[in-house]
Amino acid sequence: MLQSAGLPSIRRRVTRTLLLVTLLWSVLVTALVRQVVRHEVDELMTQGLHESAEMLHGMLALMRQPGLEQALAGPHAGHGEHLVWQIVAARTGEVVGRSQQAPERALLPDAQAQPRHTPDGAWHVVTVPLQGDLQHFLLVAQSEAERAEARADVMTYALIAALLLGVLVSTLLSVLLHREFEPLTRLSRAVAGYDPLRPATLPGVPTRTELLPIAQAIRDLGGRLAQRITSERAFTAHAAHALRTPLAGIDAQLAIALREAPEPLRPRLGRCRAAATRLSQVMQALLTMFRSGGEPRRQTVRVSELLAPLAFAEVRIDIDLDQPLDADPDLLSAVLFNLLDNAQRHQASRVVLTATRADGLQRLRLHDDGQGCPTERLEQLRAALEHQEYDSGGVLKGLGLILADLVARAHGGQIELPAVDRGFCVELSWPG
Amino acid sequence: MRLLLLEDDATLGEGLCDYLLSDGYRVDWCTTLAQARVLIGEPYDAWLLDWNLPDGSGIDWLQSLRARGLKVPALVLTARDRLADRIQGLDSGADDFLVKPFAPEELCARLRAISRRIAGSAQRQFFGAVEVDLTAKAVWFEGRSVELTAREWAVLEALVLRAGRIVSRNDLEALVLGSEAELASNAIEVHIFKLRGKLGKALIETVRGLGYRIPSP
Numbered sequence: 056m057l058q059s060a061g062l063p064s065i066r067r068r069v070t071r072t073l074l075l076v077t078l079l080w081s082v083l084v085t086a087l088v089r090q091v092v093r094h095e096v097d098e099l100m101t102q103g104l105h106e107s108a109e110m111l112h113g114m115l116a117l118m119r120q121p122g123l124e125q126a127l128a129g130p131h132a133g134h135g136e137h138l139v140w141q142i143v144a145a146r147t148g149e150v151v152g153r154s155q156q157a158p159e160r161a162l163l164p165d166a167q168a169q170p171r172h173t174p175d176g177a178w179h180v181v182t183v184p185l186q187g188d189l190q191h192f193l194l195v196a197q198s199e200a201e202r203a204e205a206r207a208d209v210m211t212y213a214l215i216a217a218l219l220l221g222v223l224v225s226t227l228l229s230v231l232l233h234r235e236f237e238p239l240t241r242l243s244r245a246v247a248g249y250d251p252l253r254p255a256t257l258p259g260v261p262t263r264t265e266l267l268p269i270a271q272a273i274r275d276l277g278g279r280l281a282q283r284i285t286s287e288r289a290f291t292a293h294a295a296h297a298l299r300t301p302l303a304g305i306d307a308q309l310a311i312a313l314r315e316a317p318e319p320l321r322p323r324l325g326r327c328r329a330a331a332t333r334l335s336q337v338m339q340a341l342l343t344m345f346r347s348g349g350e351p352r353r354q355t356v357r358v359s360e361l362l363a364p365l366a367f368a369e370v371r372i373d374i375d376l377d378q379p380l381d382a383d384p385d386l387l388s389a390v391l392f393n394l395l396d397n398a399q400r401h402q403a404s405r406v407v408l409t410a411t412r413a414d415g416l417q418r419l420r421l422h423d424d425g426q427g428c429p430t431e432r433l434e435q436l437r438a439a440l441e442h443q444e445y446d447s448g449g450v451l452k453g454l455g456l457i458l459a460d461l462v463a464r465a466h467g468g469q470i471e472l473p474a475v476d477r478g479f480c481v482e483l484s485w486p487g
Numbered sequence: 013m014r015l016l017l018l019e020d021d022a023t024l025g026e027g028l029c030d031y032l033l034s035d036g037y038r039v040d041w042c043t044t045l046a047q048a049r050v051l052i053g054e055p056y057d058a059w060l061l062d063w064n065l066p067d068g069s070g071i072d073w074l075q076s077l078r079a080r081g082l083k084v085p086a087l088v089l090t091a092r093d094r095l096a097d098r099i100q101g102l103d104s105g106a107d108d109f110l111v112k113p114f115a116p117e118e119l120c121a122r123l124r125a126i127s128r129r130i131a132g133s134a135q136r137q138f139f140g141a142v143e144v145d146l147t148a149k150a151v152w153f154e155g156r157s158v159e160l161t162a163r164e165w166a167v168l169e170a171l172v173l174r175a176g177r178i179v180s181r182n183d184l185e186a187l188v189l190g191s192e193a194e195l196a197s198n199a200i201e202v203h204i205f206k207l208r209g210k211l212g213k214a215l216i217e218t219v220r221g222l223g224y225r226i227p228s229p
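From first to last, the protein sequence lines are chains H and L. Counting from 56, one number per residue, gives the positions in the first sequence under our numbering. Counting from 13, one number per residue, gives the positions in the second sequence under our numbering.
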């Protein structure tokens, strides 16, 4: 089973990238707005100052009529002024008239055509000479703090709007991505349950154009696989016939030869027949194991029943526990034969078999009293079996352990090589 | 027991034939369906049939024989080991199924089981003072073990397997002597005479004009 841990997720990556783009976009929008504010809003506010100055000038011209001067100098109703004005004596710099929030001292000592800042930078000032009164000039000013606040407000709202828009777009895209990836998830589930030999399990036509090539590729692959399996099954059937019949013939000939042969020849013929039997068992194990698509044919079996046809003259086989197991008897028989054969070839004189079934796990354990295996080599064997590296550096030399591993895996289990004080131990376990 | 062996592989056919002969069976060995069709009218105790033959399928042939009402026990020898094949074989009329490669000892054991089924479930059968064990190929008269020659045993076995039924002289010749029957026309009478001498006159009954019979146990 492939593990997803550590692998990047397309959806997460796209969402993350979108968020990053949103942030960058917001910063860029804010910077742009800031520039616009600097040039356009500043200009607008300055223009406002000018216009205010023009209006005041016009009003002052009217107010310079008799009686109105007193009103000009009088107190005004209190309110939060954003613009202040002063009428300054050009010669002395004295403030002769001002709005309520305007400072008592003249903001600027003279009148100039261009708007200016006060020396302390607190005010942005427009000066207008009074028409027909060269002794005084009008000064209209706006607080720099007020202008800065206006700029900040514009930028803040722009930033908030950009961020909100970005987050909204990211969320919508994430939902959309989730929805768009759903057909891929469905296709994955369908592929997981696809058996090329059962056309009914063929994944249906995907609902997105982009998935069509993948679905087509899976169909093509399944078709090729089914063709291969069918061919291999046919080949296995032919191979079985081609191998089984001659082997039966060899055994029959050796059996009658043993009967008819003079006494001195019989041991030699007996060894020949034992070798032929071994060859036959190995062949059957291979044919059974590599029968393509062949699932284990599980049934309840006892080890003692499987052992009955297997003759091992040089090894004593003791069955410690013989609980019934749910397994393919042919496969298990092939495993037993090959592992017992291994034990015999490694000078074992006794093998103890234990078949148990407990806590949802079935175990078949073979422990022999043979030569055993050095710790280092045992570790190599364990590693080779764990990763199914059957051809790695000649660690696994015989068929027995490989076959046991394959059969255990075919039953959904595994093989272990427990450390033992003496001899060699193999344990197959599988659920059930 | 007289057997028809239908096996196209020469090594296996010859080996089985020799082994069965040495075990006391009478075997007619054919390598094709055409040869077997010629012999099928002969009285056999069991057929040993290969599935795949050069000129057809042994299973299909067996099915046609069953359709004709022939009930001789059939044991199929085949390289096919799939469950579906076993089911098909048994459904086609086979009494037993032996997957190659097999040891000839196992084949003989299955033949003994077949003979037990034919003769009844009991391992030993009693016919008055005579006790017969087909599996052990042993016979006792009034409690004493009696030694028989291979031919005498073959005659006794053929009659015991058909206990209660009349076995014609020709069938008995075919079962016991096969192709040698023509060479020794009175051989059956000689063996019957000797059997009566060893096992008592009451065991084998002569049915005039029809043949011989051993009463049911």
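Hints were generated in silico from the structure; no laboratory data involved. Any given hint might turn out to be false.
[Stated by the list, open to error] Far from chain L, by Cβ distances over 10 angstroms, these chain H residues were calculated: (1) G113; (2) G176; (3) V209; (4) P301; (5) L302; (6) I305; (7) R314; (8) Q339; (9) D373.
[Stated by the list, open to error] Incomplete in silico selection of chain L near chain H, CB under 7 angstroms: (10) D21; (11) L24; (12) G27; (13) L28; (14) S34; (15) G36; (16) D40; (17) T43; (18) A96; (19) R98; (20) P113.
None of these values were measured; they are calculated from a predicted model. Virtual Cβ for every residue (Gly too), placed ideally from N, Cα, C.
Cross-check of the supplied hints:
1. Residue-level check passed: G113/H sits 111 angstroms from the nearest beta carbon of chain L, beyond 10 angstroms.
2. Residue placement check: G176/H keeps its beta carbon more than 10 angstroms from all beta carbons of chain L (closest about 99 angstroms).
3. Look at V209/H: its CB is around 83 angstroms from the nearest CB on chain L, clear of 10 angstroms, so calling it non-interface holds up.
4. Not every CB of chain L is more than 10 angstroms from the CB of P301/H (nearest about 6 angstroms), against its label as outside the interface.
5. Chain L draws L302/H into its interface by the beta-carbon criterion, the shortest separation being 4 angstroms against a cut-off of 10 angstroms.
6. The Cβ of I305/H does not lie farther than 10 angstroms from every Cβ of chain L; its closest approach is about 7 angstroms, which violates its non-interface assignment.
7. Not every C-beta of chain L lies more than 10 angstroms from that of R314/H, the closest at about 6 angstroms, which undercuts listing it as non-interface.
8. Distance check on Q339/H: its Cβ comes as close as 8 angstroms (rounded) to a Cβ of chain L, failing to clear the 10 angstroms threshold; non-interface status is violated.
9. Even its closest Cβ contact with chain L, about 25 angstroms, leaves D373/H beyond 10 angstroms, as expected for a residue assigned away from the interface.
10. Interface restraint check: D21/L against chain H, minimum CB-CB distance 5 angstroms, threshold 7 angstroms, status holds.
11. Proximity of L24/L to chain H holds as hinted, the smallest CB-CB distance being about 3 angstroms (cut-off 7 angstroms).
12. Hint on G27/L holds. Least Cβ distance to chain H is approximately 3 angstroms, under the 7 angstroms limit.
13. A distance limit of 7 angstroms between C-beta atoms decides the matter here; for L28/L the minimum to chain H is near 5 angstroms, and the interface restraint holds.
14. The beta carbon of S34/L is positioned within 7 angstroms of a beta carbon in chain H (closest approach about 6 angstroms), and the interface hint is therefore held.
15. Given the 7 angstroms rule on beta carbons, the hint for G36/L is violated: about 12 angstroms separates it from the nearest Cβ of chain H.
16. Look at D40/L: its Cβ only gets to about 17 angstroms from chain H, farther than 7 angstroms, so that hint breaks.
17. The closest approach between the C-beta of T43/L and any C-beta of chain H is roughly 13 angstroms, which is over the 7 angstroms cut-off, so the hint fails.
18. The beta carbon of A96/L is not positioned within 7 angstroms of any beta carbon in chain H (closest approach about 11 angstroms), and the interface hint is therefore violated.
19. Taking 7 angstroms as the C-beta cut-off, the interface hint given for R98/L is violated, the closest approach to chain H being about 11 angstroms.
20. Taking 7 angstroms as the C-beta cut-off, the interface hint given for P113/L holds, the closest approach to chain H being about 4 angstroms.
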